[in-house]
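> Taking the hints into account, I'd like the entire structure generated from these sequences.
Residues per chain, in single letters:
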Amino acid sequence: MSDPILATHNLRKAFGALTATDDISIDLNEGEIHAIIGPNGAGKSTLIAQICGGLRPDSGSVHLLGRDVTSDSTQARAQAGLGRTFQISALAMEDTVLENAILGSLGASGRPWRFWQAALGDRTLRERAEAALERVGLSDLRDTRCGSLSHGQRRQLEVAVALTLEPKAFVMDEPMAGLGAEGSKLLTGFLDQLRTEAPILLVEHDMDAVLALADRISVLVYGKVIATGTVDEIRSSPEVRSAYLGEDA
Amino acid sequence: MIPERLVNAILFAGLIAVPLCALVADEPFTITLVTRAVILAIAAVGLNIALGIGGLVSLGHAVFFGLGGYAMGVLAFHAQTYTPLNLGPLTIAGTKSMPLIWLAATAISAFVAWIIGLLSLRTSGVYFIMITLAFGQMFFYFAISWSTYGGEDGLSIYVRNGFPGLNTLIPIQFFGLSFIILSVVLFLNARLQASPFGLALNAARQVPARVETVGLNPMRLKLVAFVVSGAITGLAGALFADLNRFVSPTMFSWQLSGELIVLIIIGGVGRLFGPVIGACLFVTLEHWLGGLTDFWHVFLGLILLAIVLFARGGIMGLLTGKEGTHV
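So the sequences go chain by chain: R and Z.
Read in order, the letters of the first sequence are residues 1 to 249 in the working numbering.
Read in order, the letters of the second sequence are residues 1 to 327 in the working numbering.
A couple of the hints might just be wrong.
Claimed, not checked - FRET-style restraints, in silico, Cβ to Cβ:
1. Z:Gln255 with R:Arg145: 32 to 40 Å
2. Z:Ala17 with R:Gly121: 43 to 51 Å
3. Z:Gly321 with R:Asn10: 54 to 62 Å
4. R:Ser150 with Z:Gln173: 54 to 62 Å
5. Z:Leu289 with R:Gly110: 49 to 57 Å
6. R:Ser71 with Z:Ala93: 48 to 56 Å
7. Z:Met130 with R:Ser71: 37 to 45 Å
8. Z:Phe299 with R:Asp58: 57 to 65 Å
9. Z:Leu103 with R:Ser59: 35 to 43 Å
10. Z:Gly321 with R:Ser139: 40 to 48 Å
What the hints assert, rightly or not - Computed from the model, here is a short list of chain Z residues facing chain R with C-beta under 10 Å:
11. Arg160
12. Leu188
13. Ser195
14. Leu199
15. Ala200
16. Asn202
17. Gln206
18. Ala209
19. Glu212
20. Val214
21. Pro218
22. Leu304
23. Thr325
24. His326
Stated by the list, open to error - Quick look at which bits of chain R chain Z covers, simulated, 3 or more residues with Cβ under 8 Å:
25. 3-12
26. 111-124
27. 184-197
The hints are simulated quantities; they were obtained by calculation from the structure and are not laboratory data.
A quick note: this is a predicted structure, and the numbers were derived from the prediction, not measured.
We put the CB at the ideal spot given by N, CA and C, even for glycine.
See below:
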């Protein structure tokens with residue numbers, strides 16, 4: 001197998017006496033969806049923050065496309081090809097759907113220092129943004145203010161903004177959160193296709209989605225990966241059952 | 001509700017019409033009042049770029065207003081006393097030429113804004129407000145103790161500085177000059193707000209985390225906005241000093257920084273013509289109510305209170321039905 005697109009090696013991060021991520025090594029290979037599951041407080045958010053650049057690990061490293069990006073900023077990692085969606089929609093609520101998507105194409109272009117020409121009049125920026133909106137089915141709402149979108153539409157826009165970056169790897173923090181059954185199903189179908197473009201590290205509570213999508217699952221408990229494997233392996237693992245489901249195996 | 005463009009056009013036309021009527025009626029003082037409003041509007045447009053688009057609540061924008069004022073004062077002082085200005089390794093002559101003074105005022109304000117921005121943008125919220133306030137006070141006390149240029153008493157310039165081809169002492173000509181600068185600044189502001197930079201800055205105010213994850217640096221965007229903002233307010237300072245033919249440390253005072261913020265809130269935060277409405281109303285109140293009572297700020301305070309409580313979009317918001325940006 002070729003080198004992983006995204007990998008962490010022995011990541012460790014402690015807050016005082018609490019070790020939030022304890023020696024975590026995971027990887028994400030081309031074409032796969034690797035799901036991270038675990039109970040609340042297992043350290044999923046801390047792990048994501050270290051992968052995306054919001055938090056610096058105490059030790060260990062993060063590699064993107066074979067390059068050590070541990071000391072790179074969030075911006076540098078995004079430029080290197082890491083696309084992220086947030087658990088709680090982080091969108092410019094006063095701006096329109098299209099403007100939010102254009103922010104993504106602007107980031108992808110790497111040329112924000114233009115003060116004269118109108119952003120909405122820039123064809124390159126606009127085409128890229130509209131293509132992404134089209135893919136998530138938000139084209140009709142392009143001129144709607146983001147603040148008046150429904151929760152589900154905001155989740156779609158989150159994904160669209162990440163798409164404009166044409167990333168080499170996605171990190172998605174609970175993309176299904178708050179979506180109804182129908183919305184989850186649609187997004188599940190979409191992510192299923194998306195993995196062929198770029199692999200997805202998926203943190204998700206919605207077990208139906210995880211079981212339907214994941215090529216591999218890693219189970220995180222108290223900051224440690226207690227098991228990594230295919231859906232079937234994880235399902236039948238006694239350790240996982242005991243730790244995650246709280247059963248005495 | 002009135003379309004925003006129409007409100008803007010009416011304001012713009014009004015700013016031309018009032019001084020022209022005053023000219024016909026031979027009321028030079030009214031022209032001077034409108035000029036004062038125009039210059040304060042330029043300063044507030046400058047602040048609005050940092051505050052309204054970038055979300056940077058700077059309580060130290062008087063620094064740039066004062067720097068512009070002192071750039072004019074110092075250069076004109078050396079010109080009127082025929083003494084050279086000694087800048088360490090470099091000795092230059094003073095000047096009474098407005099274009100040169102404006103260049104100096106914008107350049108020094110931009111430079112100082114860059115330094116202040118680099119230091120203060122590490123913080124946000126109340127800390128940012130406090131740091132910018134602290135810088136304002138530093139400059140204020142420095143000006144007070146700078147006895148070469150009048151210290152606390154300030155510095156008078158006997159003849160207004162010149163502009164090629166104009167007699168700037170004639171109120172309507174100086175008004176015209178200030179008005180053209182306001183128009184240019186508004187035009188630049190409109191372009192900037194719609195540009196890729198403006199879009200990114202606007203997002204950096206609302207969701208810095210998002211801006212980072214698309215690979216842009218929100219801090220750097222805000223720093224550039226702060227520099228542009230400071231430069232424009234500095235230019236306004238030079239004009240203001242020329243209007244009064246007088247510079248004093250009060251141009252650096254925190255009250256002035258506060259007034260600029262009040263102008264924007266009353267007019268409409270983040271709206272292109274918000275600072276213009278605010279400045280016109282401010283000067284009108286200052287003149288009319290100031291003639292009735294020394295405590296006219298009470299009424300300004302009541303208006304501010306009413307706007308903050310009932311009309312978050314300022315007067316522009318009331319007229320157009322659009323909210324201001326949220327800082």
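> Look at each hint and say if it fits the structure.
Each hint, compared with the structure:
1. Z:Gln255 with R:Arg145: 32 to 40 Å: With a Cβ separation near 37 Å, Z:Gln255 and R:Arg145 satisfy 32 to 40 Å, so the hint holds.
2. Z:Ala17 with R:Gly121: 43 to 51 Å: 33 Å, violated
3. Z:Gly321 with R:Asn10: 54 to 62 Å: 57 Å, holds
4. R:Ser150 with Z:Gln173: 54 to 62 Å: 57 Å, holds
5. Z:Leu289 with R:Gly110: 49 to 57 Å: 52 Å, holds
6. R:Ser71 with Z:Ala93: 48 to 56 Å: Because 51 Å falls inside the window, the suggested range holds.
7. Z:Met130 with R:Ser71: 37 to 45 Å: 31 Å, violated
8. Z:Phe299 with R:Asp58: 57 to 65 Å: Cβ of Z:Phe299 to Cβ of R:Asp58: about 58 Å, so the range 57 to 65 Å holds.
9. Z:Leu103 with R:Ser59: 35 to 43 Å: Distance hint for Z:Leu103, R:Ser59 is violated at roughly 53 Å.
10. Z:Gly321 with R:Ser139: 40 to 48 Å: 27 Å, violated
11. Arg160: Since chain R brings no Cβ nearer than about 32 Å to Z:Arg160, farther than 10 Å, the hint is violated.
12. Leu188: Interface hint status for Z:Leu188: holds (8 Å vs cutoff 10 Å).
13. Ser195: Since the shortest Cβ distance to chain R is 5 Å, the answer is holds.
14. Leu199: OK, holds: Z:Leu199 within 10 Å of chain R, min 4 Å.
15. Ala200: Holds, about 5 Å.
16. Asn202: Since the shortest Cβ distance to chain R is 7 Å, the answer is holds.
17. Gln206: 4 Å, holds
18. Ala209: At 5 Å from the nearest chain R Cβ, Z:Ala209 passes the 10 Å test, so the hint holds.
19. Glu212: 4 Å, holds
20. Val214: 3 Å, holds
21. Pro218: 9 Å, holds
22. Leu304: At about 23 Å, which exceeds the 10 Å cut-off, the nearest Cβ of chain R leaves the hint on Z:Leu304 violated.
23. Thr325: 6 Å, holds
24. His326: Because about 7 Å separates Z:His326 from the closest Cβ in chain R, which is inside the 10 Å limit, the hint holds.
25. 3-12: violated (count 0)
26. 111-124: Holds, because 11 residues of the stretch 111-124 of chain R bring their Cβ atoms closer than 8 Å to Cβ atoms of chain Z.
27. 184-197: violated (count 0)
Hint compliance for this structure: hints 2, 7, 9, 10, 11, 22, 25, 27 are not met, and every other hint is.
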